[in-house]
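Chains D and L supply the protein sequences, listed in that same order.
Here the first sequence is numbered in the working numbering, starting from 45 and rising by one per residue.
Here the second sequence is numbered in the working numbering, starting from 315 and rising by one per residue.
Be aware that one or more of the hints could be misleading.
Unchecked claim - BS3-like, lysine-lysine: derived pairs with alpha carbons at most 25 Å apart:
1) D/K121 x L/K777
2) L/K556 x L/K539
3) L/K323 x L/K628
4) L/K777 x D/K55
5) L/K646 x L/K628
6) L/K785 x D/K55
7) L/K444 x L/K539
8) D/K110 x L/K777
9) L/K491 x L/K556
10) L/K777 x D/K123
11) D/K63 x L/K777
12) L/K764 x D/K107
13) L/K721 x L/K764
14) D/K63 x L/K671
15) L/K777 x D/K107
16) L/K539 x L/K643
17) L/K643 x L/K628
18) D/K121 x D/K107
19) D/K63 x L/K785
20) L/K520 x L/K465
Hints are computed from structural coordinates only; laboratory data are not their basis.
The structure displayed is predicted, hence computed values, not measured ones.
The primary structure of each chain is shown beneath.
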Amino acid sequence: MNWVEIPYHGKIWRIPALKSQGRLWFHWQGETHVVEVGNGSRRGGADQGRSHRGVIQAPMPGKVTKVHVTVGERVAKGKALVVMEAMKMEYTLEADLDGTIAEVGVTPGQQVSLGQVIVRLDEETGKA
Amino acid sequence: MARPRKFEKVAIANRGEVAVRIIRACQEMGIETVLLHSSVDTQTAAYRLADEAYCVGEAPSHASYLNIQANVQGALSAGADAVHPGFGFLSENREFAEAVTQAGMVFIGPTAENIRLFGDKISAKEHVEKIGGPTIPGYQGEDQSIPRLLKECDRIGYPLICKAAAGGGGRGLKVIKNSFEAEELIKSAQREAMSAFGSGSVFLEKYLDHAKHIEVQIFGDHGGKVHVLFDRECSVQRRHQKIIEEALSPSLDEDLRQAIGRIAGDLAERAGYVGAGTVEFLLQDERFYFMEMNTRLQVEHPVTELVMGVDLVKAQIMTAMGQPLSWPKEFKARGHAIECRIYAEDPYRGGIPSTGKILAAHWPQGPGRRFEVGFEPGDEVTSYYDPMIAKVIVWDESRIRAIQKMKRTLSDTVIFGVRTNIPLLQSILSHEEFVLGEMTTRFFETHFSKPLSPPEFSPTELKLIQAISGKLGEPVDRDAGGEDQSPWSFTWSRR
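Let's have the full structure, built from the sequences with the hints guiding it.
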């Protein structure tokens with residue numbers, strides 16, 4: 045079994061976990077979970093991390109409450125794009141780069157699933 | 315009964331966890347094994363464990379695991395003395411039992427005549443009535459015309475069940491709620507019976523709508539004695555598929571237990587029954603009714619083994635070799651055992667099968683915990699066969715302790731690569747009706763007909779996911795470049 049060690053609440057926890065084909069499997073507090081983490085191409089390229097940059101995905105299943113942007117709008121990194129709600133908490137999804145809104149995949153009131161694409165951004169190129 | 319002879323080699327005409335179970339029993343008894351498998355089943359635990367393997371055909375069951383000639387041929391060419399059919403597939407096929415015997419090998423199971431008698435639901439029911447056993451009111455006559463069947467429906471009363479006369483499980487089974495839908499459902503049952511079993515013959519039966527599924531394990535030894543190994547309860551079922559089984563049943567008092575055991579024992583003894591068998595009953599309002607007899611080892615046999623202190627698979631092999639069993643004259647149950655069937659399915663999408671490669675698995679060993687597993691990491695769960703990939707069985711002093719142990723064991727069980735029904739099993743084990751032992755065969759459809767809601771992660775858990783993902787080598791938090799690489803770029807606030 046593959047695992048990672050993570051400090052949590054003053055203790056080091058050994059958590060069974062592995063990544064395969066864009067999915068992260070882990071076992072935490074009695075339950076096995078699987079979350080989509082993109083295609084998993086490793087660091088060093090433009091498509092770093094668990095997903096492509098500029099692709100904003102739902103971090104949890106929940107409901108979209110507000111959409112702050114429209115297609116074509118220019119946004120700066122950190123700009124609040126969409127607000128969603130889950131477990132009585134509000135989450136604000138922010139732009140992860142400077143760019144233009146290429147696609148808004150949701151409308152207010154819509155239920156979204158984990159990993160669903162919420163907004164796509166085109167990265168601003170040739171910026172002075 | 316064959317002359318006593320020690321088996322040198324046993325062929326296993328099955329797959330998955332039961333094949334592993336049988337191979338292990340043989341290994342412990344010093345018997346070699348040959349696995350009769352389909353072309354896709356070379357990446358399985360049973361394949362690796364067996365001394366030899368023989369491919370009996372292509373992946374689809376009818377081409378391999380249900381192919382009588384290929385299985386007999388495979389066993390013969392490997393020089394097997396006997397064939398164990400496991401459960402499902404050819405285990406209750408009279409022709410297979412005969413073919414194995416005619417080829418000069420021993421069929422590890424009941425006689426072909428036993429299989430014939432109990433395999434046909436109508437002749438089984440007649441046999442039960444002959445010995446004065448309780449049966450469910452119904453119609454099982456020769457006249458299969460629609461007008462006659464409709465008339466019988468009205469006589470028996472609604473709701474009622476229309477079943478294929480041949481075959482087991484839930485195939486070709488319809489619940490008819492009223493006279494308006496009767497004709498249509500009977501015709502549909504006849505069509506399904508014809509295509510599944512080659513005979514369109516159906517029978518009608520009163521539907522007991524708050525019944526419990528209680529079954530009795532019996533075992534006929536080589537000397538003609540039928541042992542009664544008490545009961546199991548398997549009321550937690552989905553579409554007539556058992557999900558959780560336990561021994562003994564929490565629903566029987568001593569009188570009922572003795573009575574149901576006596577009926578089951580008589581039934582088997584009068585039929586000259588040999589080997590492992592299970593007599594299934596429905597229990598409703600303190601009355602029980604014979605449902606059917608399964609002439610084979612059951613999936614849930616481990617719960618009986620744990621409370622009775624026996625090994626049913628070894629007993630099957632001993633009996634087939636003409637050897638006596640060293641079992642006590644009178645059995646006494648000890649503690650309580652529960653089995654959960656692990657299915658490769660998505661509990662958040664109504665149990666649709668989940669296929670794929672098993673990436674990793676962890677079985678949390680401990681006292682009173684038993685795991686029957688048919689795969690190892692790297693093996694593929696395909697859609698060709700039953701999605702049951704493993705069984706978790708626990709034993710403890712009492713039922714409530716066994717429930718607690720099962721919950722804890724499942725909590726610590728890890729399977730990566732395919733989704734499993736473990737979250738669903740946990741919900742069932744925590745359900746008041748189950749904990750109180752009051753569940754009926756309608757328990758599942760009443761309380762669990764909707765898919766489970768997928769888990770939602772708290773902010774702390776989302777941080778944890780990022781940390782895990784980061785540790786696994788892909789930057790999701792702060793990369794060397796200092797840029798936030800998280801696609802889940804978000805902040806949170808209390809509403």
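Status of the hints after comparison with the structure:
For the hint pairing D/K121 with L/K777, the CA-to-CA distance comes to about 21 Å; that is within 25 Å, so the pair holds. The suggested pairing of L/K556 with L/K539 is violated, with an alpha-carbon distance near 29 Å, which exceeds 25 Å. Taking the CA atoms of L/K323 and L/K628, the gap is about 14 Å. The hint holds against a cut of 25 Å. Between L/K777 and D/K55, the direct Cα distance comes to roughly 16 Å. Compliance with the 25 Å bound is thereby established for this hinted pair.
Pair hint L/K646 plus L/K628 holds up; C-alpha atoms about 20 Å apart against a cutoff of 25 Å. Distance restraint check for L/K785 and D/K55: the Cα-Cα separation of roughly 17 Å lies within the 25 Å cut-off, and the hinted pair is therefore satisfied. Distance check on the hinted pair: L/K444 and L/K539 sit about 20 Å apart at the alpha-carbon level, within 25 Å; holds. Taking the CA atoms of D/K110 and L/K777, the gap is about 23 Å. The hint holds against a cut of 25 Å.
Note on L/K491 and L/K556: the hinted pairing holds, with a Cα-Cα distance of about 23 Å set against a maximum of 25 Å. Pair hint L/K777 plus D/K123 holds up; C-alpha atoms about 21 Å apart against a cutoff of 25 Å. Restraint check for D/K63 and L/K777: satisfied, since their Cα atoms lie roughly 17 Å apart, inside the 25 Å limit. Between the alpha carbons of L/K764 and D/K107 the distance comes to roughly 20 Å, so the proposed pair stays at or under 25 Å and holds.
The straight-line distance between the Cα atoms of L/K721 and L/K764 is roughly 21 Å, inside the 25 Å bound, and the hint therefore holds. Restraint check: the Cα-Cα separation between D/K63 and L/K671 comes to about 13 Å, which is no more than 25 Å; the hinted pair holds. For a cut-off of 25 Å, the pair hint linking L/K777 to D/K107 stands: about 20 Å separates their Cα positions. As the CA atoms of L/K539 and L/K643 are separated by approximately 10 Å, the hinted pair is consistent with the 25 Å bound.
Taken as a hint, the L/K643 and L/K628 pair is honoured in the structure, with Cα atoms around 18 Å apart against an allowance of 25 Å. For the hint pairing D/K121 with D/K107, the CA-to-CA distance comes to about 23 Å; that is within 25 Å, so the pair holds. Proximity of D/K63 to L/K785 is assessed by CA-CA distance (about 11 Å); at most 25 Å being required, the pair is judged to hold. Distance hint between L/K520 and L/K465 is fulfilled; the C-alpha atoms sit about 14 Å from each other, no more than 25 Å.
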